[in-house]
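Trainee: Last residue of the sequence shown: number 309 in the working numbering, and the count goes up by one each step with no gaps.
You may find that some hints are simply not true.
[Unchecked claim] Capping the alpha-carbon separation at 20 Å, the derived lysine to aspartate or glutamate pairs in EDC-like fashion look like this:
| hint | residue 1 | residue 2 |
| --- | --- | --- |
| 1 | Lys259 | Glu306 |
| 2 | Lys259 | Glu284 |
| 3 | Lys259 | Asp243 |
| 4 | Lys259 | Asp276 |
| 5 | Lys259 | Glu245 |
| 6 | Lys259 | Asp139 |
| 7 | Lys259 | Asp246 |
It should be emphasised that the hints constitute simulated quantities derived from the structure, not laboratory data.
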Amino acid sequence: MSELFFLRVICFIILIMNGLSHEAKSQFVAETLSNTSQLNPDQLPVILAANMIFSGQPPGIGGSVNGVEFEDIFWGDEMLLSNGVSIQGTVAGAIRTANTLGSLSGDDAEVLAAIANSINFYNAGTDGTITFTNLPADLPVSVQMITSDAASSVNNWGGVFSLSVIDTVTQESVQILTFDAGTEPDNFDAQLVSFSTTVDSNGTLQVFVDQTRPGHHAGISAIVVLAAGQVLPLQINSLRIDAEDSRVSIEWDSRVNKVYAIEVSEDLVLWEELDDNVISEGELTTFTDTQIPLNSPRRFYRVHEMEP
2 MSELFFLRVI CFIILIMNGL SHEAKSQFVA ETLSNTSQLN PDQLPVILAA NMIFSGQPPG
62 IGGSVNGVEF EDIFWGDEML LSNGVSIQGT VAGAIRTANT LGSLSGDDAE VLAAIANSIN
122 FYNAGTDGTI TFTNLPADLP VSVQMITSDA ASSVNNWGGV FSLSVIDTVT QESVQILTFD
182 AGTEPDNFDA QLVSFSTTVD SNGTLQVFVD QTRPGHHAGI SAIVVLAAGQ VLPLQINSLR
242 IDAEDSRVSI EWDSRVNKVY AIEVSEDLVL WEELDDNVIS EGELTTFTDT QIPLNSPRRF
302 YRVHEMEP
């Protein structure tokens, strides 16, 4: 086992708690977007925030909104976010401008307006699918979407969205809500829809979008996924590498009388369980990986607490 390999060992450790550390104010809410404080009002941990644009559009103007930092994501392309989460969205339509700047207030309103203004659109009878992968499996999440009628003229932009979540393991589709995605007759506003759901056991969140009102249009400009269950990044207190015996030992903060599972990946896509019965050693717990292939280019680790 070469020392070069061990220089490329990467520890990616997340502790997934079963209980909720925050209570969402409501499971399903659709409201006019008027103030930046509506974005992540409970200050939940941010898993991802995507400014959905088309290839060739100007990038976002940068900056965060109420502590939420957006990344530019192109419709139609599968893109990897900086935290390893993958996102891909399909859409039928083109670019419209929502003209929301005058209707938004709060800190960094200009950043949020730039995001909300540049949207795609869905015609009646068209639909799209937004898929997130590499998420913590079975994690409760809160999702926020910025939608708009994006009217260049009135009377045909009062679209209605029907949203469903698809379990990629069972293929079961559960309708979440139906709401006015546009804000006719006032075409200068954007809408913010928030709903609660759970990542499936594949670590995938798939949202199906259907625009159901004939003769009308609406679009999505941004998507935020928040951890509604407590997700705490762990401090790696020590990383011990034994090159001679091909071992890597990791240590993390743990809870007394808990059981942990250890997973490993070489690409942040496919995860292999190394052990699902690591008994807590108290406030600190150590696990040693002795199953390292000789030709493995890199290793990512993650730890989660098992259900009782």
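Trainee: So, for every hint listed, does it hold in this structure?
Mentor: So, going through the hints one by one against the coordinates:
With a C-alpha separation of about 7 Å, the suggested pair Lys259 and Glu306 falls inside the 20 Å cut-off, and the hint holds. A C-alpha spacing of about 10 Å is found between Lys259 and Glu284, which places the hinted pair at or below 20 Å, so the restraint holds. Of the supplied pair hints, the one linking Lys259 and Asp243 is violated, its CA atoms being roughly 27 Å apart against a limit of 20 Å. Straight-line distance between C-alpha atoms of Lys259 and Asp276 comes to about 14 Å, which keeps the hinted pair within the 20 Å bound.
With a C-alpha separation of about 32 Å, the suggested pair Lys259 and Glu245 falls outside the 20 Å cut-off, and the hint is violated. A C-alpha spacing of about 18 Å is found between Lys259 and Asp139, which places the hinted pair at or below 20 Å, so the restraint holds. About 29 Å separates the Cα atoms of Lys259 and Asp246, which puts this hinted pair outside 20 Å; it is violated.
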